[in-house]
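Build out the structure end to end from the sequences listed, making use of the hints.
So the protein lines, in turn, are chains S and X.
Position one of the first sequence corresponds to residue 1 (the working numbering), numbered consecutively onward.
Position one of the second sequence corresponds to residue 1 (the working numbering), numbered consecutively onward.
By construction, these hints were calculated from the structure, which means they are not laboratory data.
We put the beta carbon where it would ideally sit given N, CA and C, even for glycine.
Accuracy of the hints is not assured; some may be wrong.
Said to hold, decoys possible - Cβ-Cβ distance ranges computed for the label pairs, FRET-style: (1) X:GLY162 with S:ALA286: 39 to 49 Å; (2) S:GLN270 with X:ARG133: 34 to 44 Å; (3) X:GLY368 with S:PRO274: 33 to 43 Å; (4) S:PRO274 with X:HIS302: 41 to 51 Å.
2 protein chains.
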Amino acid sequence: MPPFDVPEGDPFGTHNLPYGVFSLPGSVDRRVGVRLGDHVLDAGAAAAALGSPYVSLLARPSLGPLLAAGRTAWSDVRRALTAWLTVPAHQEAIAELFHPLSSVTLHLPFEVADYVDFYASENHARNVGQIFRPDAPDPLTPNWKHLPIGYHGRSGTVVVSGTDVVRPSGQRKAPADAAPVFGPSVRLDIEAEVGFVVGVPSERGRPVALGDFREHVFGLCLLNDWSARDIQAWEYVPLGPFLGKSFATSLSAWITPLDALEEAQVTPPQRTHPLLPYLDDTGPEAEPGGYDLRISVAVNGHVVSEPPFSTMYWTAAQQLAHMTVNGASLRTGDLYGSGTVSGPSERERGSLLELTWNGRDPLELPDGKRAFLENGDVVTLSAWAPGPDGVRVGLGEVTGRVVAG
Amino acid sequence: MPPFDVPEGDPFGTHNLPYGVFSLPGSVDRRVGVRLGDHVLDAGAAAAALGSPYVSLLARPSLGPLLAAGRTAWSDVRRALTAWLTVPAHQEAIAELFHPLSSVTLHLPFEVADYVDFYASENHARNVGQIFRPDAPDPLTPNWKHLPIGYHGRSGTVVVSGTDVVRPSGQRKAPADAAPVFGPSVRLDIEAEVGFVVGVPSERGRPVALGDFREHVFGLCLLNDWSARDIQAWEYVPLGPFLGKSFATSLSAWITPLDALEEAQVTPPQRTHPLLPYLDDTGPEAEPGGYDLRISVAVNGHVVSEPPFSTMYWTAAQQLAHMTVNGASLRTGDLYGSGTVSGPSERERGSLLELTWNGRDPLELPDGKRAFLENGDVVTLSAWAPGPDGVRVGLGEVTGRVVAG
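Encoded structure:
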């Protein structure tokens with residue numbers, strides 16, 4: 001039964017078990033899948049074959065029902081899957097329900113409700129501040145160390161990894177120009193981010209406490225927040241990014257459950273400013289909050305950066321607490337991005353804006369220089385996290401090709 | 001048959017026919033309703049009783065299927081409804097399918113996909129600029145006359161008229177304070193807006209032209225974009241409003257079809273700056289684009305302002321063209337707000353921020369002074385538009401009471 005014989009150390013072994021949604025060739029039926037090595041298990045069919053009660057959560061066209069089921073169900077289903085994949089009698093019953101990854105089509109694994117994007121990397125915020133406000137006394141805005149800055153994005157244009165990204169057109173205006181001009185963006189960029197997927201909803205008027213993060217958030221994925229810097233620069237004062245971002249946001253096809261990332265938890269960077277109680281994660285009983293995820297950014301297969309998620313100043317738990325502290329409710333399928341992940345060193349920056357210092361220092365790629373993205377360029381983010389016994393937990397990848405409009 | 005005997009000049013006569021979703025006492029079933037006078041017709045039951053093919057669009061728990069059906073279906077269904085309500089044989093068949101408005105519960109009439117809010121009133125933008133940037137050479141930002149500024153809001157907290165609004169808590173910081181403080185907002189405000197409801201989706205990568213507005217937008221409603229000015233002021237640089245807005249946005253229960261507003265179309269204000277072609281509505285063949293909607297803002301039943309929608313600089317058609325010009329796709333149920341509607345005179349301002357000049361000149365209400373909203377205050381927006389033969393088209397109302405958190 002080859003699917004079960006995942007090589008030792010495979011980042012998609014039974015310690016991982018990320019969820020996705022796939023369809024088979026010639027079929028429009030979408031099915032919940034669990035990745036094992038380079039195969040996908042038809043999880044709903046497996047549950048049915050084994051007479052599992054989880055068929056109601058898994059034999060569905062979306063992860064929605066599983067996401068809504070809550071932490072206890074998430075752990076129970078994960079335990080059941082582990083048994084199915086490791087106990088010989090169960091293995092036998094489901095052996096025919098695997099498909100090679102290369103043979104299936106992967107879909108957006110859940111319907112995105114609200115999409116929020118944060119700005120939580122201090123290195124990124126400092127780089128952006130230095131690039132755009134070189135004369136400011138502090139590259140960080142006065143609020144940056146007091147709250148995780150965020151804004152709502154367009155959930156209707158969140159697309160699954162592998163989807164082509166059409167170069168957006170829009171208005172841009174250089175400071176010296178008398179009037180804006182219209183045309184395809186000439187400063188198309190990426191932002192390497194981690195996305196967090198909300199499962200359990202909350203009531204309007206009831207903030208979610210810092211310590212309840214794991215009760216609401218099911219897991220995480222990789223996210224590329226494509227950005228047209230020229231469109232963004234002209235439009236964003238005073239109400240923030242809009243068309244510079246809303247044309248596409250790419251998501252990895254696999255959602256890694258938080259349960260697979262126990263060993264990846266780390267303490268976030270030292271807090272340099274006192275935090276208001278609802279954000280304060282410095283107490284002795286606070287959970288670590290950070291995650292040690294090693295991201296890799298490749299353009300046309302050439303790695304240009306390795307942003308370390310462990311350096312993020314604001315954690316996903318703080319972001320959730322902040323996002324709801326005004327009484328805003330959560331829905332199943334809410335997605336929030338960490339913001340661009342940038343480490344302290346040059347090769348750890350999560351955007352071309354920073355990597356090329358706004359185009360001043362183009363990257364030298366095997367196929368030529370790049371200040372920003374050209375049509376035909378393929379951007380791929382991938383990542384892994386430390387798992388049990390030194391094994392890596394693979395976070396899959398999010399990839400997309402830029403095509404002309 | 002009293003329901004049919006709507007008094008002459010009733011703003012909810014057969015020239016109007018707005019759509020909503022209601023349920024009957026003791027039932028959780030939601031039904032599409034059409035308002036006639038102070039009754040609601042169970043439109044799905046009527047279609048079934050008359051053997052109409054539109055039962056598939058109307059016997060549904062949401063307006064979604066009707067919204068998705070497109071302009072031809074919208075007009076056909078409207079013609080059919082008019083016949084049902086005016087031809088005696090049809091009247092007889094549906095006479096028992098009316099319910100007094102006072103006996104039903106009204107619900108959010110469709111699932112909000114993406115929610116975008118614009119900033120399209122020049123009077124409003126100038127007032128805000130003068131209040132917050134008194135020393136700036138121009139109260140408008142440099143981009144204001146070149147594009148309709150907008151941003152994404154939280155669709156998960158859009159609520160139907162009548163829903164209580166919990167006063168949000170959050171961070172605020174006065175310029176003189178050393179650090180932010182946390183607590184209930186002390187500057188809770190309203191924004192009187194008109195909301196536009198997208199029916200027909202568009203493809204990613206394919207902008208919607210100015211002239212295709214009516215092919216995609218089904219109708220409009222009233223919208224109160226509740227705003228916590230103190231939270232907003234501290235958080236909004238550099239990525240725009242977030243928690244100052246995301247706690248609640250109230251929508252009127254009735255969606256008025258554009259077909260009911262033919263007589264209300266007006267030419268928008270003179271364009272003072274040349275527009276890029278995708279936004280240019282000044283050509284001889286351009287549709288008027290504006291709507292003459294007379295809005296009324298009441299606090300605890302006392303009218304404090306009457307903002308005229310005809311003064312909006314940017315039209316809903318321009319907003320749709322702009323929102324999609326970067327290739328962003330539309331979904332059925334997308335909702336976009338016009339931005340606060342403010343006319344040129346003091347009694348035409350659509351927010352307390354402007355009406356009280358940021359609290360400097362409190363309103364004198366029968367129950368006391370108001371700089372911003374107090375707990376228990378009920379805010380009601382209502383509106384009408386000119387209809388055929390001098391009859392008004394009622395836009396219903398959106399109301400909400402502020403309650404303590």
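Here is how each hint holds up against the structure:
For the pair GLY162 of chain X and ALA286 of chain S, the beta carbons lie near 41 Å from each other, so the given range of 39 to 49 Å is met. For GLN270 of chain S paired with ARG133 of chain X, a C-beta distance near 36 Å keeps the hint of 34 to 44 Å intact. For GLY368 of chain X and PRO274 of chain S, the Cβ-Cβ distance of about 38 Å falls inside the hinted range of 33 to 43 Å, so the restraint holds. Distance hint for PRO274 of chain S and HIS302 of chain X: a CB-CB separation of about 44 Å, consistent with the stated range 41 to 51 Å.
No hint from the list above goes unmet by this structure.
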